[in-house]
Each structure stands twice: as structure tokens, then as C-alpha cells.
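Number of protein chains: 2
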Amino acid sequence: MDKNTFFWKMVDGRLPPPECAKTLGLKFLDIDAERGTIEVEFQAAPQFLNPVGNVQGGFLAAMLDDTMGPALVATLGDGEFAPTVNLNVQFHRPAREGQLIGKGRIVLRGREVCQLAAELLQDGKIVATATATAVIRKV
Amino acid sequence: MDKNTFFWKMVDGRLPPPECAKTLGLKFLDIDAERGTIEVEFQAAPQFLNPVGNVQGGFLAAMLDDTMGPALVATLGDGEFAPTVNLNVQFHRPAREGQLIGKGRIVLRGREVCQLAAELLQDGKIVATATATAVIRKV
Numbered sequence: 419m420d421k422n423t424f425f426w427k428m429v430d431g432r433l434p435p436p437e438c439a440k441t442l443g444l445k446f447l448d449i450d451a452e453r454g455t456i457e458v459e460f461q462a463a464p465q466f467l468n469p470v471g472n473v474q475g476g477f478l479a480a481m482l483d484d485t486m487g488p489a490l491v492a493t494l495g496d497g498e499f500a501p502t503v504n505l506n507v508q509f510h511r512p513a514r515e516g517q518l519i520g521k522g523r524i525v526l527r528g529r530e531v532c533q534l535a536a537e538l539l540q541d542g543k544i545v546a547t548a549t550a551t552a553v554i555r556k557v
Numbered sequence: 419m420d421k422n423t424f425f426w427k428m429v430d431g432r433l434p435p436p437e438c439a440k441t442l443g444l445k446f447l448d449i450d451a452e453r454g455t456i457e458v459e460f461q462a463a464p465q466f467l468n469p470v471g472n473v474q475g476g477f478l479a480a481m482l483d484d485t486m487g488p489a490l491v492a493t494l495g496d497g498e499f500a501p502t503v504n505l506n507v508q509f510h511r512p513a514r515e516g517q518l519i520g521k522g523r524i525v526l527r528g529r530e531v532c533q534l535a536a537e538l539l540q541d542g543k544i545v546a547t548a549t550a551t552a553v554i555r556k557v
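Chain order of the listed sequences is A and B.
With positions in the first sequence counted from 1, the corresponding number in my numbering is that position plus 418.
With positions in the second sequence counted from 1, the corresponding number in my numbering is that position plus 418.
Quick caveat, the hints were computed from the structure, so don't treat them as lab data.
Possibly wrong hints are sitting among the right ones.
Remember, identical chains collapse to one label, so a pair may be satisfied in a single copy or spanning two.
[To be verified] In silico DMTMM-like links for lysine to aspartate or glutamate, alpha-carbon gap of 25 Å or less:
{"#": "1", "residue 1": "543", "residue 2": "515"}
{"#": "2", "residue 1": "556", "residue 2": "515"}
{"#": "3", "residue 1": "421", "residue 2": "498"}
{"#": "4", "residue 1": "427", "residue 2": "459"}
{"#": "5", "residue 1": "427", "residue 2": "498"}
{"#": "6", "residue 1": "521", "residue 2": "457"}
{"#": "7", "residue 1": "445", "residue 2": "515"}
Sequences are here, hints too, so could you generate the full structure?
This is the structure we're talking about:
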């Protein structure tokens with residue numbers, strides 16, 4: 419594993435996080451690039467709430483995308499990137515403003531095509547799950 | 419159609435938009451509740467950008483959710499709501515900061531289960547498409 423990529427420089431503070439991660443309040447709790455697993459924290463802001471006062475589902479989708487993406491990106495070499503081509507989200511419970519935990523994993527790590535999965539929890543309960551397909555490309 | 423619901427009050431300015439809509443820069447361009455179609459505008463903010471400087475896919479998912487959701491909500495009666503239970507997004511092209519157009523429609527309007535579809539365009543080109551399932555509930 420190449421610890422000199424943009425991703426790892428960001429994780430250990432050598433580079434600032436991207437804007438989308440700041441917006442979602444992303445913090446890395448645990449990254450195991452060998453096993454392809456990740457645990458991250460998000461903060462659902464008041465700006466994400468729908469008319470009923472719950473987090474709009476799309477922002478939960480953004481969090482799940484930002485859980486699965488880094489699980490894969492942690493395994494990439496310098497000059498590689500992996501755009502998501504498909505994201506499928508299942509919504510189970512409403513989520514409130516505040517802390518959410520994302521748990522992601524690489525289900526299949528192909529040379530190009532990768533299959534990913536993740537859960538999003540609040541207060542220990544699953545609020546949404548997702549699968550995604552990403553394709554590894556070279557810059 | 420009941421034009422005295424929260425949704426229509428919001429559309430004609432009698433009530434403020436929800437926070438998630440403000441965050442995504444949502445404006446309603448056209449709503450045809452009889453045909454079940456909608457056209458909306460979004461503004462991708464710098465806060466949505468990924469490390470490569472494109473809009474993070476999850477925020478495109480949030481926009482598609484906020485295209486399809488209103489297409490259905492426009493047809494609901496007072497006291498009815500319709501949480502999304504599944505959202506499937508296909509990403510076709512990178513999207514930049516700035517204006518995006520969402521075009522959504524109700525594919526199937528069941529008494530409870532509804533199937534929705536939408537496209538998201540930038541500069542006339544499709545950047546992402548989605549389907550969703552929503553279920554009508556009464557408060």
C-alpha cells in the first residue's frame with residue numbers, strides 16, 4: 419500500500435480534506451486497507467434537514483458514498499482514482515441532526531471494477547444501507 | 419390536487435423552503451402535477467466538491483432525490499408524506515460547480531408504492547440518472 423497518496427496525506431493531516439468531506443463533517447475512525455474496511459463519522463447539519471425535520475435521504479446517500487469511496491481509495495496507488503458509476507441506497511429509518519457512523523467495505527476488488535457496500539448508523543441503529551460500483555482509472 | 423399542502427405553500431412562497439432545498443440551491447422551474455413531471459434547478463456549491471474538484475457523487479444523488487421527491491409530493495394531499503425507501507443512481511459524467519437541471523417524473527403512481535425516475539443535466543448533457551421507490555403514508 420502506498421501511504422504517499424493524496425488520500426493518506428489527507429488522513430494523517432499532510433493535506434486538508436476535500437470540501438465535500440468538510441461539509442459532511444467526515445472524520446476517519448478506522449481504516450484497514452488490507453481488509454478493505456473503513457469506519458467513519460459524519461455530522462448531519464441543520465442544512466441537511468427536510469420539511470419534516472429529518473435528514474434528507476440524499477444527504478444520507480452522500481454520506482454512504484463518502485464511506486465506500488474512501489474504503490477503496492485507501493487501497494489505490496498514486497495517480498489512480500476510482501469514480502463511482504452506480505450507487506444504490508436503501509432507507510430504513512429517519513435520521514436526525516447530529517452524529518452518524520458509516521461502516522464500509524470492499525466486497526470485490528477487481529483490477530478495474532470494484533463492488534462496495536456500507537451501512538449508516540445512528541445511536542447504534544441502521545438508518546440506511548448502500549451498495550456501489552466503482553471503476554479504477556489512471557490519471 | 420390540493421394546493422393548500424405544505425409543498426404548494428412553499429412553491430408559491432407562503433412557506434419558506436426546507437433547509438436541504440436551500441443547501442442544494444433548489445428552484446422550481448416547472449411542475450405539472452397532472453402529468454407527474456417536474457423540472458428544477460440546483461446550484462452545486464464549492465462545499466460539494468471532491469478532491470478532483472468535481473461535485474461529489476453523493477451530492478448529485480441528493481439533487482436527484484430532491485427532483486423525484488417533489489414530483490411525487492406535488493400530487494399528495496394534506497397530511498400525506500412519501501419517504502423514499504430506495505434510490506438508485508447512475509453516474510455518467512463529472513459535474514462542476516454551478517447550475518444543474520433536474521428533470522423528474524412519476525413512472526408509477528400507486529395508492530402506496532410509487533416508482534420515480536429523474537435525470538440531472540449540466541450544459542445540456544446528462545451527468546447522472548436515477549430511479550427511486552417511495553411509499554405514501556399518512557401522518
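Hints the structure fails to honour:
none
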